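Below are the chains, spelled out letter by letter.
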Amino acid sequence: MGSTSTKIKLRTSDQKVFEVEKAVAVQSQTIKYIYENGCPDSVIHVHSVSGDILSKILDYCKKHVNSAAGKEDISPEELYEWDANFVKVDQNTLFDLILAANCLKIESLLDLTCQTVANMIKGKRPEEIRTTFNIKNDYTIEAEEAVRRENKWAFDMLGGVGTMVIEELADDTMSKCVTNTKSRVCVIAANQIVMMRSISKLANKKSIDVYKQPQNPTTPRIKESVKQRNVGTGFIELFFHFKCKM
Amino acid sequence: MDSLPDAIIQYILSHLSNARDVAACNCVSKRWRESLTYLRSLYFPRNSFDSRPGSYSSDTVVWKMLSATACLEELVVYSPFTSAGLASWLSLVHSSLKDLELRMDNVMDYQAYLDSPSKLDCIAAAKKLKSLTLWGVLMANPPKWDVFENLLCLEIVGARLEDPALSAALGACPNLTNLVLLGCEGVRSVLIELPYLEHCKLDFYGSGNCSLSLTCPQIELLEVQGCSWIRVRETSCLRNLSIANNAGRVYMVDFGKLSALESLSMRGVQWCWDAISKMLEWSNEVKHLYMKVEFTGDLEALLPFPEVDFVEFFNSHPKLQKFDIHGAMFAALCQKNSLKNVEPGFVIPCLEEVVVQVRSPLNAEQKMNTLESLLKYGKNLKKMVIRILQMKSSHSSTDEFFDEICRLRFMNRKIVRIE
Numbered sequence: 001m002g003s004t005s006t007k008i009k010l011r012t013s014d015q016k017v018f019e020v021e022k023a024v025a026v027q028s029q030t031i032k033y034i035y036e037n038g039c040p041d042s043v044i045h046v047h048s049v050s051g052d053i054l055s056k057i058l059d060y061c062k063k064h065v066n067s068a069a070g071k072e073d074i075s076p077e078e079l080y081e082w083d084a085n086f087v088k089v090d091q092n093t094l095f096d097l098i099l100a101a102n103c104l105k106i107e108s109l110l111d112l113t114c115q116t117v118a119n120m121i122k123g124k125r126p127e128e129i130r131t132t133f134n135i136k137n138d139y140t141i142e143a144e145e146a147v148r149r150e151n152k153w154a155f156d157m158l159g160g161v162g163t164m165v166i167e168e169l170a171d172d173t174m175s176k177c178v179t180n181t182k183s184r185v186c187v188i189a190a191n192q193i194v195m196m197r198s199i200s201k202l203a204n205k206k207s208i209d210v211y212k213q214p215q216n217p218t219t220p221r222i223k224e225s226v227k228q229r230n231v232g233t234g235f236i237e238l239f240f241h242f243k244c245k246m
Numbered sequence: 001m002d003s004l005p006d007a008i009i010q011y012i013l014s015h016l017s018n019a020r021d022v023a024a025c026n027c028v029s030k031r032w033r034e035s036l037t038y039l040r041s042l043y044f045p046r047n048s049f050d051s052r053p054g055s056y057s058s059d060t061v062v063w064k065m066l067s068a069t070a071c072l073e074e075l076v077v078y079s080p081f082t083s084a085g086l087a088s089w090l091s092l093v094h095s096s097l098k099d100l101e102l103r104m105d106n107v108m109d110y111q112a113y114l115d116s117p118s119k120l121d122c123i124a125a126a127k128k129l130k131s132l133t134l135w136g137v138l139m140a141n142p143p144k145w146d147v148f149e150n151l152l153c154l155e156i157v158g159a160r161l162e163d164p165a166l167s168a169a170l171g172a173c174p175n176l177t178n179l180v181l182l183g184c185e186g187v188r189s190v191l192i193e194l195p196y197l198e199h200c201k202l203d204f205y206g207s208g209n210c211s212l213s214l215t216c217p218q219i220e221l222l223e224v225q226g227c228s229w230i231r232v233r234e235t236s237c238l239r240n241l242s243i244a245n246n247a248g249r250v251y252m253v254d255f256g257k258l259s260a261l262e263s264l265s266m267r268g269v270q271w272c273w274d275a276i277s278k279m280l281e282w283s284n285e286v287k288h289l290y291m292k293v294e295f296t297g298d299l300e301a302l303l304p305f306p307e308v309d310f311v312e313f314f315n316s317h318p319k320l321q322k323f324d325i326h327g328a329m330f331a332a333l334c335q336k337n338s339l340k341n342v343e344p345g346f347v348i349p350c351l352e353e354v355v356v357q358v359r360s361p362l363n364a365e366q367k368m369n370t371l372e373s374l375l376k377y378g379k380n381l382k383k384m385v386i387r388i389l390q391m392k393s394s395h396s397s398t399d400e401f402f403d404e405i406c407r408l409r410f411m412n413r414k415i416v417r418i419e
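These protein sequence lines map, in sequence, to chains S and U.
At position 37 of the first sequence the residue is numbered 37 (UniProt numbering), and the sequence of numbers has no breaks.
At position 318 of the second sequence the residue is numbered 318 (UniProt numbering), and the sequence of numbers has no breaks.
What the hints contain is simulated information worked out from the structure, not anything from laboratory work.
Computed from a prediction, not measured in an experiment: that's the story for all the values here.
Treat the hints with caution; some may be incorrect.
Selected chain U positions facing chain S (Cβ under 10 Å, derived; list incomplete) [as the list claims (entries may be wrong)]:
1) 1
2) 4
3) 16
4) 282
5) 284
6) 383
7) 385
8) 388
Glycine included, every Cβ here is placed at the ideal spot set by N, Cα and C.
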């Protein structure tokens, strides 16, 4: 036949049939294996995945295949944004996507979805985590007390929002670092506004170009190259690459 | 979420790394606590233990968390610690630890420096490390390291180094592919002989007169700041080269053939003309050239560049696609005789993008000629950006010059842009 695009048929748990291009379907290592080792003409059953979920998953695979093959003109940042929107779903759908990505062995999707859940855990106290995800607390009272005591240090928060914690390393070494062509500087501030203000103060003083790799859509207009390591409640630690304009 | 299988919970939780989040998850449920055994990465922010100093030993807290893991691969600690603490942690995780990042804080802390064994020495226990990053280190004596066979990536930021200590440290990492030394003070003369080194970024802080000798046959990317004497003989793989010196003068460069060089950046206040002309001569295959050297001159006196012949320059750099002309280079291309060899058949074949920085209206006519020549003979020129910097506008010639530039932009709308 010499087809330019081979199609594969997939049947879901709720008997829906999807016909997709081979290149898209084989993003799933499971489907790839079945296709290459089974009979390519018949329909592949994906028992554990429902039609709705498979439909979403195929959207994801298609987007990523097209962007990698250059069929779609999409920059890495745009793809990142697309992925971020893709996972803006309710919890049940998110967990269904995780289970399906695991079963179908689509590594990048599994990573994306699990990272999304991890991001929802970050910065929360244990009670909040339990409420968010409806987790059953299976500790006995004594065991829970013991584990809380052991982890108490994590809940002793310093000051509150508005405490300025810019390290000496920031001021002195920062001005040293910025006279070099390229230096990495660590700035710690108790809240984002305080930190951004100090960065812009520096930026004005030394006419520094600060380049941004968008990670958090709420960070303000200043362009920074950010490797964001932690977004805790009110505490942000960021690493910047400063490129000094002479 | 409780209905998810254990393996998935473990996988989700393995995406966490901040120690505070891990501590919170420990308290959520027994199942979660057990799932955290497979944590891959643990990170302690700077202020982890700030709120109640002395009420518990932070070294012990870190130790307890590490002891609950089975296969930790990455440990990042920015909070303060002692060398005894570090030794105890590494004895727990050394068999799986691949990445270690520590804020040493020894630069100011002479007391801690007297600890024996020092924190630096303790790192030797993590034999399987693939990458090591140290912030704020005082390396006055050679660290007592064996050999880190697996270490590929070494980064030291904000350090005070002594030459023999640095040599010893590099000697313990024979298989390095990436070396980054940023904001490092105290270095006078560096000899780097690493057979597998591919990426090297050096940023020496001080009076700008370090000397560097690099013998790394696989080197692909080299960025150097703060050296006045640079020798790199094995350059068959070198693709990206950046030499900058804000504090001192670059007076000697000695490179092998730069036949693979695609991108060259030369920056600094003053470079000896010999160094500049040699770099330009060797880099005739280069595709991207960034020049921002303010002055030349072999001694203290800061001199402008001598005249650079336009035709000769572009003929000797035929593959040039992107050219950033800042500093004194543009003035050198705009001298009286710079354009004397320009003929109708002359072509600048590959040039696509030019960024020019204009700072003064002197020689306005010649400057306009050069800009026009770039447009005329650059057949593939897609973009020309003219950056006009703070011209002393007390002179009427400044306004005329600016008008001329605007007219140039108007005539070449698609190509020229003013910033």
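Original post:
Which of the numbered hints above does this structure break?
Top reply: The structure conflicts with hints 4, 5, 6, 7 and 8, although it agrees with all the remaining ones.
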